[in-house]
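Full structure from sequences and hints, please.
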Amino acid sequence: MTDAVRALAQQWLAADPDGETQDEILALLAGPPADLDQRFNGRLAFGTAGLRGPLAAGPQGMNRVLVRMTAAAIGQCLLEEHPDPLVVIGYDARHKSEVFALDSARVLAALGIRSCLLPEALPTPVLAFSVRHLKADAGIMVTASHNPRQDNGYKVYWADGAQINTPIDSEISAHLDALTPDIALASEGHALITQDTGALSEAYVAYAAGGVASHSAKDLSVVYTPVHGVGRVTLEDAFAAAGFAAPVVVAQQADPDPDFSTVEFPNPEVPGTLDLALALAQDEQADLLLANDPDADRLIAGVPQDSGWRVFTGNEIGALLADHVLSKGQGADRLVATTVVSSRLLAAIAAHHGVHYAETLTGFKWIVRPGLANPDLRFVFGYEEALGFAIGDQVRDKDGITAALVFAEMASQVAEQGRTVVDLLHALWERHGVHRTGQVTRRFAGPNGGEIMANILETVRTRPPQALAGRPVTEV
Numbered sequence: 130m131t132d133a134v135r136a137l138a139q140q141w142l143a144a145d146p147d148g149e150t151q152d153e154i155l156a157l158l159a160g161p162p163a164d165l166d167q168r169f170n171g172r173l174a175f176g177t178a179g180l181r182g183p184l185a186a187g188p189q190g191m192n193r194v195l196v197r198m199t200a201a202a203i204g205q206c207l208l209e210e211h212p213d214p215l216v217v218i219g220y221d222a223r224h225k226s227e228v229f230a231l232d233s234a235r236v237l238a239a240l241g242i243r244s245c246l247l248p249e250a251l252p253t254p255v256l257a258f259s260v261r262h263l264k265a266d267a268g269i270m271v272t273a274s275h276n277p278r279q280d281n282g283y284k285v286y287w288a289d290g291a292q293i294n295t296p297i298d299s300e301i302s303a304h305l306d307a308l309t310p311d312i313a314l315a316s317e318g319h320a321l322i323t324q325d326t327g328a329l330s331e332a333y334v335a336y337a338a339g340g341v342a343s344h345s346a347k348d349l350s351v352v353y354t355p356v357h358g359v360g361r362v363t364l365e366d367a368f369a370a371a372g373f374a375a376p377v378v379v380a381q382q383a384d385p386d387p388d389f390s391t392v393e394f395p396n397p398e399v400p401g402t403l404d405l406a407l408a409l410a411q412d413e414q415a416d417l418l419l420a421n422d423p424d425a426d427r428l429i430a431g432v433p434q435d436s437g438w439r440v441f442t443g444n445e446i447g448a449l450l451a452d453h454v455l456s457k458g459q460g461a462d463r464l465v466a467t468t469v470v471s472s473r474l475l476a477a478i479a480a481h482h483g484v485h486y487a488e489t490l491t492g493f494k495w496i497v498r499p500g501l502a503n504p505d506l507r508f509v510f511g512y513e514e515a516l517g518f519a520i521g522d523q524v525r526d527k528d529g530i531t532a533a534l535v536f537a538e539m540a541s542q543v544a545e546q547g548r549t550v551v552d553l554l555h556a557l558w559e560r561h562g563v564h565r566t567g568q569v570t571r572r573f574a575g576p577n578g579g580e581i582m583a584n585i586l587e588t589v590r591t592r593p594p595q596a597l598a599g600r601p602v603t604e605v
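Using our numbering, you'd call the opening residue of the sequence shown number 130 and step up by one each time.
What the hints contain is simulated information worked out from the structure, not anything from laboratory work.
Careful, some of the hints might be misleading.
Stated by the list, open to error - Below, a list of computed lysine-lysine pairs in the DSBU-like style, where the Cα atoms sit at most 30 Å apart:
id, residue 1, residue 2
1, Lys-457, Lys-347
2, Lys-457, Lys-264
3, Lys-225, Lys-264
Computed from a prediction, not measured in an experiment: that's the story for all the values here.
Quick look at the structure:
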């Protein structure tokens, strides 16, 4: 451990307003030097969605000091582009999310930057919608989405309503590297900090409900779970605004709970997370099961069969939604997009409907880019296999609420024809061939996890395998 690391830890301690992380730093200073070095050498890096990591002291964790520094770096970047920027700030119901959001607004106010705070813990799509609705210059969403309970995160949008991308992410990182932990703060009641009264949520609900045929799912029996997250109220409001029947909500998971008490991992893709919802759907003899992840930007869906419930994969939902959306509209100027790790079925569906198709790198920061790069085209649908779906161009990020509405509309309409959603999927397979995909998950935990993963990927890029499972690799 160098003297510089210990000096940084002392600086961090002096700037930290949180008693929990202060105690953590004191313990690190008094403990083995290697532990302190591990926590204060380097910092969390901007990934596909900004910052995300464990709630912990120091630059390698999510805490109030790092959040304040990040807000200051964002503010400095904004002031280089705009004389009077506006930032919209939202947060989920995870531990410390609300105070991270307020700290961000106070830092921006100290820099002379206006901010609008969402009034309560709300879904990420509401924040993403609000950036464009208010014509803001940036958006900040404090969320770790479906990460484990010990994590939090910091998602950043720019004026176009999309997640930050190159070179903005690098510019923010450069500003962040130049900052020290002692960041100036304005008072909580500063005139540059305003709080939305609920108008933004109302505008989002009206937008979401406007994308489906009114009353089309008024007779559909739906069971829904927000998995202890913030999606329930917004989804219920959107269903009501669309004239849909109110969903039956899993009571044990209905309200926000930062500890996600009934699940081991708050990701609807993980086996066991939907057990309570599936049991309730069976008891209710429901027509449809819908679930969001904790910040409601993802959706998973299932329907009953004679053999039990059929829960669809992200690729299957993506194909079903895409075909439904394209069947509802017209025009060869429409554009759909997905990623290199998603099914190729979307390309076939796009060709069938005579619309443009784009394939991007992983993540919604990339999926929405073809629409931005081709303003003469209409971006109507994008998805990634990890349960992320964007319907239309107003929310330039994945949106589990509007996806739930459109899926319910589709399920209701097909039921009126005496068919099922599974029948729809089989029809797509008959038209385009069966597309089956699977997912293999590898987690890289610990402070060096990101570096290990990056090294593996670099090896694959520079020295790709010549064969896989005994078969030659013909294209990379």
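The hints, checked one at a time:
1. Lys-457 <-> Lys-347: holds, 19 Å
2. Lys-457 <-> Lys-264: Measuring from Cα to Cα gives roughly 29 Å; hence the hint holds.
3. Lys-225 <-> Lys-264: holds, 28 Å
Checked against the numbered hints given earlier, this structure breaks none of them.
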